[in-house]
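Student: As a plain string of letters, each chain reads:
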Amino acid sequence: MSKIMTMRDAVARFVPHGSSVVMGAALESLIPFAAGHEIIRRQKRDLTLIGPISDILFDQLIGAGCVRKVIAAWVGNVSAGLGHNYRRACEQGIPHRLEVIDHSNFTISLALLAGGLGAPYIPTYSLLGTDIPRTNPGFRQSLSPFGGEKILLVPSLQPDVAILHVQRSDENGNAHAWGNLGISEEAALASQRIIIVAEEIVLHQIIVSDPNRVIAPSFKVCAVVREPGGAHPSPVQGYYNRDHEYYHEYHRLTRTVEGNAEWLGQWVAEVKDRAGYLQKLGKERRQGLQLKEHRYAAPVDYGY
Amino acid sequence: MVAAAAREIRDGEIVFTGMRLPLIAFALAKQMHAPNAVGLFECGLVRDTPAPELLYTMGDPPNIAGALWATRMINMMGLLQRGAVDLGFIGGAEMDRFGNLNTSYLGNPESPKTKLPGSGGAADIASLSRRFVVIMAHEKRRLVERVDYITSPGFGDGQGWRKRVGLRHGGPSAIITTLCVFGFESSIGEAVLRSYHPGQSVASVRAETGWDLRVAEDVHETASPTAEELTIIRRYDPQGFWTR
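Sequence lines, in order, name chains A and B. Under our numbering, the residues of the first sequence are numbered 1 to 304, in order. Under our numbering, the residues of the second sequence are numbered 1 to 244, in order.
None of these hints come from the bench; they were simulated from the model. Backbone N, C-alpha and C define an ideal beta-carbon position, used for all residues, glycine too. Incorrect hints may appear among the rest.
[Stated by the list, open to error] One-sided and incomplete, this derived list gives chain B residues near chain A with beta-carbon spacing under 8 Å:
| hint | residue |
| --- | --- |
| 1 | G44 |
| 2 | L45 |
| 3 | P61 |
| 4 | T71 |
| 5 | R72 |
| 6 | S104 |
| 7 | A123 |
| 8 | D124 |
| 9 | S127 |
| 10 | G156 |
| 11 | Q159 |
| 12 | R162 |
| 13 | R168 |
[To be verified] When the alpha-carbon atoms are kept at most 27 Å apart in a straight line, the in silico DSS-like pairs for lysine-lysine are as follows:
| hint | chain 1 | residue 1 | chain 2 | residue 2 |
| --- | --- | --- | --- | --- |
| 14 | A | K220 | A | K69 |
| 15 | B | K163 | A | K69 |
| 16 | B | K163 | A | K150 |
| 17 | A | K272 | A | K3 |
| 18 | A | K272 | A | K283 |
| 19 | A | K220 | A | K3 |
Please construct the entire structure, taking both the sequences and the accompanying hints into account.
Tutor: Have a look at this one:
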């Protein structure tokens, strides 16, 4: 059964107001910006965003007023440093107050791993003595029942939906992703459902020819969106490189509330969809991000 | 700073390589004195060769091509917690004399004066690596007596603190700033000025440091990068994006 639909339908059906959403699970690459922008266009409200670092995507959604709560290790701009919208929300309540639940990259991984395992929590030695447990009321300090040493208990997280950008998928959501994976697998397994956003839709036979490269079980996938260029300005290995300058432009423009409104207008509200966004980006700029060379992996033999 | 950071990497070490300057420091160390060092990147990468091009983030495509392993972040963090990582690099916005770092909140977290981006993987590296090195800008407002919030743990309030709170090993071994290099005196867990960069002095470092500066007996000028080191740095950062 095909699960292919437009981004508009996928967001309308599977990202209701108030949902908890994982995005940016691969860290700096494969960030589902196209999905985030559709969430902004549909004016989704009261979302809980969950992710490790998310780069500028979380900052954009916060600045657009979509977010009530952030559960993350880091929110900012990897190229330029601070995220202006995140700062404004936390420091001045603009556009409104934000609840922040602090994690580290390890503890957010453990929370989603626990969620995917159906376990209540996972212990770690990380963050002992830090102030992060002060700003994450879910953490519990405890003693190991085995050796008696101090441990931090990280409670599980089970988000409503994980949105994963991948290189290719079949129309049923059997998807291949490659490169570093971050917490993509943990996020997919912990979430109730998965939206796959793919650069390419390929035949089922291509996916099952290499099952080790599959990112998650397709029976959890609720929607498959074909969205070439949908991760820009983040990179997709084998498809396009990172648009570093875009992050700096965003940083400069969103310094003020007015600048942020201008940015949202230009890049989100006034473009209908991702195709419109790429058109606005322009051919020359997209060409500049193209691969300089292909580097194909050697085929593997699944013969028996 | 890059040359000083590279000198902290010993041959054969497993190094948790952070963003920006440490990426170039790793490349430099590999070519100079530490050809067998291995780099770990928290996004889920292991490399034994520097990426062929300048990296702006650890997830840039050149860092993935030719990697020894592309995998999940939890495997990198597992190696860290298991004690396999000799050295980690982290950056800081605010640091105190015990090497505690704040990248979360300036002022009260309930209503912060400045909201900083947060930990990322830095708190894990500071908690779990065998030792870590901090790279940061040296300004009086950043090097303070006591940080407002401990994101990444140094030696807490001094010697014995890490053990008391349950951290099993580790702690900062050096702080490389834009003005100087601090080491740590293990008996007190406090930063000690080890060397000042060319053009600086003990007095100029003291003037920009927000605590009563301790100075090593053998304090000296930081060795300038050699011509060979500069050539390598320029190869990995040809436009001087990260270095000048």
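Student: Hint by hint, note whether the structure agrees.
Tutor: How the hints compare with the structure:
Given the 8 Å rule on beta carbons, the hint for G44/B holds: about 4 Å separates it from the nearest Cβ of chain A. Taken as an interface hint, L45/B checks out: its beta carbon lies about 5 Å from the nearest beta carbon of chain A, inside 8 Å. Taken as an interface hint, P61/B checks out: its beta carbon lies about 5 Å from the nearest beta carbon of chain A, inside 8 Å. The interface hint given for T71/B is met, as the beta carbon of that residue sits about 6 Å from the closest beta carbon of chain A, less than 8 Å.
Taking 8 Å as the C-beta contact cut-off toward chain A, the hint placing R72/B at the interface holds, the least distance being around 5 Å. About 7 Å separates the beta-carbon of S104/B from the nearest beta-carbon of chain A, less than 8 Å, and the hint is met. Of the supplied interface hints, the one on A123/B holds, with its beta-carbon coming within about 4 Å of a beta-carbon of chain A, less than 8 Å. Against a cut-off of 8 Å between C-beta atoms, the interface hint on D124/B holds, since the closest Cβ of chain A lies about 4 Å away.
With a least beta-carbon distance of about 4 Å to chain A, the hint placing S127/B at the interface is held under the 8 Å criterion. For G156/B, the shortest C-beta to C-beta distance to chain A is roughly 6 Å, which falls under 8 Å, so the interface hint holds. Checking Q159/B against chain A: minimum C-beta separation of about 14 Å lies over 8 Å; hint violated. Below 8 Å, beta-carbon pairs count as interface contacts, and R162/B has one with chain A at about 7 Å; its hint therefore holds.
The interface hint given for R168/B is met, as the beta carbon of that residue sits about 6 Å from the closest beta carbon of chain A, less than 8 Å. Taken as a hint, the K220/A and K69/A pair is honoured in the structure, with Cα atoms around 25 Å apart against an allowance of 27 Å. Taken as a hint, the K163/B and K69/A pair is broken in the structure, with Cα atoms around 34 Å apart against an allowance of 27 Å. Note on K163/B and K150/A: the hinted pairing holds, with a Cα-Cα distance of about 10 Å set against a maximum of 27 Å.
Restraint check for K272/A and K3/A: satisfied, since their Cα atoms lie roughly 22 Å apart, inside the 27 Å limit. Pair hint K272/A plus K283/A holds up; C-alpha atoms about 18 Å apart against a cutoff of 27 Å. About 11 Å separates the Cα atoms of K220/A and K3/A, which keeps this hinted pair within 27 Å; it holds.
When the structure is compared with the earlier hints, violations turn up for hints 11, 15 and for no others.
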